[in-house]
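Number of protein chains: 2
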Amino acid sequence: MIVGAGFGGLFATKALKNAPVDVTLINGTAYHLFQPLLYQVATGILSEGEIAPPIREILKRQDNAKVLLGTVTEIDPEARTVTAVAPGTSYTVPYDSLIVAAGASQSYFGNDAFAEHAPGMKSIDDALELRGRIFGAFELAELETDPAAIERWLTFVVVGAGPTGVEMAGQIAELAHRHLPGQYRNIDPKHARIILIDALDTVLSSFGDHLSTKALRQLHTMGVEVELGTKVVDVDETGIEVETRNGRQRIESMTKIWAAGVAAPSLSTQLAKATGASTDRAGRLEVEPDCTVPGHPEIFAIGDMMSLNRLPGVAQVAIQSGRHAAGQIKKRLAGEATGQPFKYFDKGSMATISRFSAVASVGKLHFSGIVGWLMWLAVHLLYLVGFKNRVTAVLHWFVSFIGRGRSERVATFQQVFARRALQEYRQHLP
Amino acid sequence: MIVGAGFGGLFATKALKNAPVDVTLINGTAYHLFQPLLYQVATGILSEGEIAPPIREILKRQDNAKVLLGTVTEIDPEARTVTAVAPGTSYTVPYDSLIVAAGASQSYFGNDAFAEHAPGMKSIDDALELRGRIFGAFELAELETDPAAIERWLTFVVVGAGPTGVEMAGQIAELAHRHLPGQYRNIDPKHARIILIDALDTVLSSFGDHLSTKALRQLHTMGVEVELGTKVVDVDETGIEVETRNGRQRIESMTKIWAAGVAAPSLSTQLAKATGASTDRAGRLEVEPDCTVPGHPEIFAIGDMMSLNRLPGVAQVAIQSGRHAAGQIKKRLAGEATGQPFKYFDKGSMATISRFSAVASVGKLHFSGIVGWLMWLAVHLLYLVGFKNRVTAVLHWFVSFIGRGRSERVATFQQVFARRALQEYRQHLP
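As you go down the protein sequences, you meet chains A and B in turn.
Heads up: the first sequence at position 376 corresponds to 376 in full-length UniProt numbering, and the numbers run straight through without jumps.
Heads up: the second sequence at position 65 corresponds to 65 in full-length UniProt numbering, and the numbers run straight through without jumps.
These aren't lab readings, by the way, just hints derived from the structure by calculation.
Among the clues, some could well be false.
Which copy? The list can't say, so a pair holds if one copy fits it or any two copies do.
The calculated lysine to any residue pairs, modelled on SDA-like cross-linking and capped at a C-alpha distance of 20 Å, are [as the list claims (entries may be wrong)]:
1. 364 to 289
2. 190 to 294
3. 343 to 286
4. 364 to 206
5. 331 to 374
6. 122 to 64
7. 66 to 210
8. 364 to 81
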C-alpha cells in the first residue's frame with residue numbers, strides 16, 4: 001500500500017514493478033503533480049495538464065499496480081488498514097507493507113488566516129487560483145482611474161525567497177515587463193512592482209553565497225525589488241504589513257503569493273499518535289535510518305513526511321527514499337537482510353530566474369546564467385520525457401521563451417467567485 | 001461600443017480596424033471563446049487556453065480598440081450608456097454606436113433545476129466541470145463494488161443530438177472504448193454506455209436526411225445508443241426520466257450532459273424593454289433587415305442575439321452579421337447611404353463524429369467519413385491559425401487522433417467540491 005502519488009510514492013510504485021507484490025496506490029487527485037513547474041501554470045506558460053499526467057496512464061503497463069482515488073484520513077497500524085475519502089464515499093483497505101508519502105502542505109507559521117489573501121503554491125488549485133489573480137490584477141487595474149488603486153493592483157508581493165519564490169517573482173517580472181506591454185490602453189504593465197520578501201538575509205540561501213549573490217543581481221536586473229531581513233506581520237485584502245530593520249511598514253498590494261513555509265500534513269500527526277512516533281517542529285515523522293517508523297518495520301515514511309538527517313524537502317529526497325523503501329520491501333520478500341540506512345545522493349539543486357538565466361549547484365560546482373539555464377532545461381526535459389505527451393510543454397516553453405506569448409491565461413468564473421462563496425459558506429456551517 | 005467578444009463582437013471589432021473610430025469591447029471574460037471546440041476541452045483533448053486566447057492579445061496591434069473586462073447588465077438607449085460589473089467594481093461608459101453581441105446561454109426549457117445535474121456546454125467553466133465529471137465517473141466507478149453502482153457511474157447520457165451533442169457523445173465513446181481501457185483494474189471502461197437522446201426523429205436534423213443517416217450509422221458503429229423521439233421529463237442526481245413512444249422510462253446515470261437548447265441572455269430582455277423591441281420565443285431581439293434595433297439605427301444586435309430570417313445560431317451568422325454591422329457604421333461615418341439588409345452566405349456546416357470521420361454539408365454538396373473529417377480539420381486549422389500559439393492545439397490533436405493519450409485530464413478540487421458548496425451557500429442567502 002502506498003499513500004500519495006507525488007515523487008516519492010510514484011517512484012516507489014515504479015520500483016516495485018517486477019516484484020512479487022500487489023501495489024495499491026492511493027492519491028487525493030487522479031494525477032501526479034510535477035510541483036517544481038507549478039509557477040509556470042500560475043504565470044500562463046503551461047497548461048495544468050502538462051504538469052499533471054494521470055497516474056493510471058503512467059502506470060498503465062504496470063500490471064501489479066492498482067490506483068485508487070482517495071484522500072487518506074486514517075492509518076490503523078494495529079489492524080493494518082488505511083481509510084480514505086473520495087467525493088461521496090469512503091473506504092478502508094488492508095495492507096501488509098505501507099509506504100506513506102503524503103508530502104507537505106503550505107505553512108503560514110500559525111497565521112492560517114493569511115491563506116485567504118496570500119494563496120500558497122502547493123497544488124493545481126493554488127496555481128490556477130494565482131493565475132486568475134495575477135492576470136485578473138492587470139484586467140482590474142485597466143478599469144481603475146484612481147492612481148493609488150492602479151498601483152495597488154500592479155504591486156505583486158512574493159513571500160519567501162527560496163526556489164519557488166524566486167522563480168515566481170522572476171516570471172511575474174517577465175510577464176509584466178516583457179509579455180503584457182502593448183495590450184493595455186489605460187495602464188502600462190511595465191510600471192508593475194514585483195517585491196520579493198524574505199526573513200533571511202539572502203535569496204536561495206540553500207544554494208550557497210556565490211549563487212545567492214548571482215541570483216540577487218539577476219533579480220535586480222529584472223526589476224524585482226528584493227526586501228531581505230523582512231518579516232511578514234499581517235496580510236489583508238489590500239496589502240501586507242512587514243517588519244524590517246527600520247520598523248514596521250505597510251505595502252499596498254492586491255496580489256500576495258505565499259512561497260514561504262511547509263508543514264507535514266495532518267496524516268503525519270495521526271500516524272505519529274497511532275504509532276507513538278515523534279515528530280519534528282514541522283510535524284514530520286522522525287523515522288529510523290532505514291525510513292521505517294519506530295517499532296513498525298512494515299511502515300515507511302518517506303519524502304517530505306520524514307524527518308531524517310536534516311534532509312531538505314526536495315524532489316530528489318522523495319524519489320530516492322521512495323526507491324529505498326521499495327528496495328527494502330523487495331529484500332524482505334526475497335528473504336534477504338533489511339534495515340540498511342537510506343543514503344541520500346545530492347544531485348544538486350537549481351532555480352530559473354528568467355528565460356536564459358538560472359542558477360544550479362551540483363556538488364562543489366556552481367553554474368549560473370545561460371549555462372545554468374541550459375542545465376535546467378535539460379533536467380526538466382529529461383524528466384518530462386518520461387511521461388508521454390509532454391511534447392506540448394516543450395512547445396509552450398519555446399513560445400514563451402522565444403516569443404512574447406503566454407498562451408495559458410484562462411481563469412474560470414468559479415475561480416473568480418467561488419473562493420469567497422466557499423468562505424462565507426463555511427461560516428454558515430455548524 | 002461592442003458588447004461581447006464572441007465570434008460576432010470580435011469580428012466586428014476587427015472589421016473596424018482602419019476606421020476613424022474608437023472601439024471599446026466589453027466582455028465578461030478576458031478571453032475569446034472558440035465555442036465549437038468546447039467538447040474537446042471537456043473530453044481531455046485540448047487545454048482551456050488553446051480554445052480561449054486572451055482578447056487583448058488578439059487585438060494588441062489594433063490601436064483603436066480598447067478591451068474592458070465586465071459583464072454588461074444594462075443598456076440605456078436614451079442616455080446612450082452601458083453599465084457593466086466586474087469582480088468588486090461596476091462602471092458606466094457612454095457610446096455613439098453600439099453593437100450588442102452577447103451570444104446565447106443554455107436553455108433548459110423552463111426546467112432550470114436540471115442544470116445542477118446536467119451541466120450545459122456554453123463556457124469554459126461548463127467544459128471543465130464536465131471534464132471533472134466525466135473522468136471522475138471512471139475514478140469513482142473503480143472504487144465501487146456494487147454492480148448497479150458501477151453501471152450508474154459508467155452510463156453517460158447526452159441530451160440533444162445537434163452538432164454539440166453528437167460530437168460530445170462521439171468523444172465520450174472514443175474515450176471509454178479506445179483511450180481508457182487498460183488503465184483500470186476493477187472496471188472495464190469498454191462496458192460504458194453512452195446514450196444520445198433527442199426529442200426529434202433524427203440526429204443532426206439541420207444537416208439533411210442523407211448526412212443524418214450517415215451520422216446515425218457512424219454513431220451506432222461507435223457503440224453510442226441513440227434514442228430518438230425521446231423527451232426528457234426529469235433529471236436528478238442519479239438518473240434521468242424520459243418519455244418515449246412506449247411510455248415513461250428511467251435511465252440510471254450519474255453523468256448527464258445538456259446539449260439541447262439555447263436562449264438569449266437576460267441582456268436581450270433588458271434591451272427589448274428599454275427600446276420597445278419585440279423578442280422571439282427564444283428571447284432573441286427582432287431586428288430590422290440591417291440588424292439594427294427598431295427605432296435605433298445606432299444599435300445593432302447581431303449573432304445569437306438577433307432574430308432575423310430564421311437564421312441559425314452558428315458562428316458564421318455571428319461573424320458575418322458582425323462584419324455587416326461594422327460595415328454599416330463605416331458607411332455612415334463616410335457619409336454613404338446605410339440601411340442595406342444583412343445577407344447571410346451559408347458556407348455550410350460540419351460535425352465530427354469520431355477521429356477520421358465527420359459529416360459536412362456545403363451548399364448542395366454532402367461529405368462524410370474521412371473526406372468530411374479532412375474538411376473539418378482544414379477549416380478548424382485555418383481558423384485557429386489566425387491566433388498565435390495555437391500550434392499546440394494541433395499537436396494535441398495529433399496525440400489524441402493518432403495515439404491513445406488524452407493529456408488534459410485535470411479536475412481541480414474546487415470543481416469537485418465548490419459546486420455543491422455554492423448551491424448550499426445560495427440557500428443561506430437572504
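**Request:** Evaluate residue 364 and residue 289 at a C-alpha cut-off of 20 Å and name the case that applies: within, between, both or neither.
**Result:** Close neither inside one copy (26 Å) nor across copies (77 Å); limit 20 Å.
**Prompt:** Which holds for residue 331 with residue 374 at a C-alpha limit of 20 Å: within a copy, between copies, both or neither?
**Reply:** neither (39 Å within a copy, 56 Å between copies)
**Intra/inter-copy verdict for residue 190 and residue 294 if alpha-carbon distance must be at most 20 Å** = Close neither inside one copy (55 Å) nor across copies (46 Å); limit 20 Å.
**Intra- versus inter-copy proximity for residue 64 and residue 122 (alpha-carbon distance at most 20 Å)** = Neither: 30 Å inside a chain and 41 Å across chains, both beyond 20 Å.
**Asked** Quick one: residue 364 to residue 206, C-alpha cut-off 20 Å, is that within a copy, between copies, both, or neither?
**Response** Classified as within: same-chain Cα gap 13 Å, cross-chain 70 Å, threshold 20 Å.
**Prompt:** Are the CA atoms of residue 66 and residue 210 at most 20 Å apart within a copy, between copies, both, or neither?
**Reply:** neither (46 Å within a copy, 47 Å between copies)
**Message:** I want to check one pair: residue 364 and residue 81. Are their C-alpha atoms no more than 20 Å apart within a copy, between two copies, both, or neither?
**Reply:** neither (45 Å within a copy, 66 Å between copies)
**Message:** When Cα atoms must be at most 20 Å apart, do residue 343 and residue 286 count as within-copy, between-copy, both, or neither?
**Reply:** within (16 Å within a copy, 76 Å between copies)
In summary, the structure is inconsistent with hints 1, 2, 5, 6, 7 and 8 from the numbered list given earlier, while agreeing with the others.
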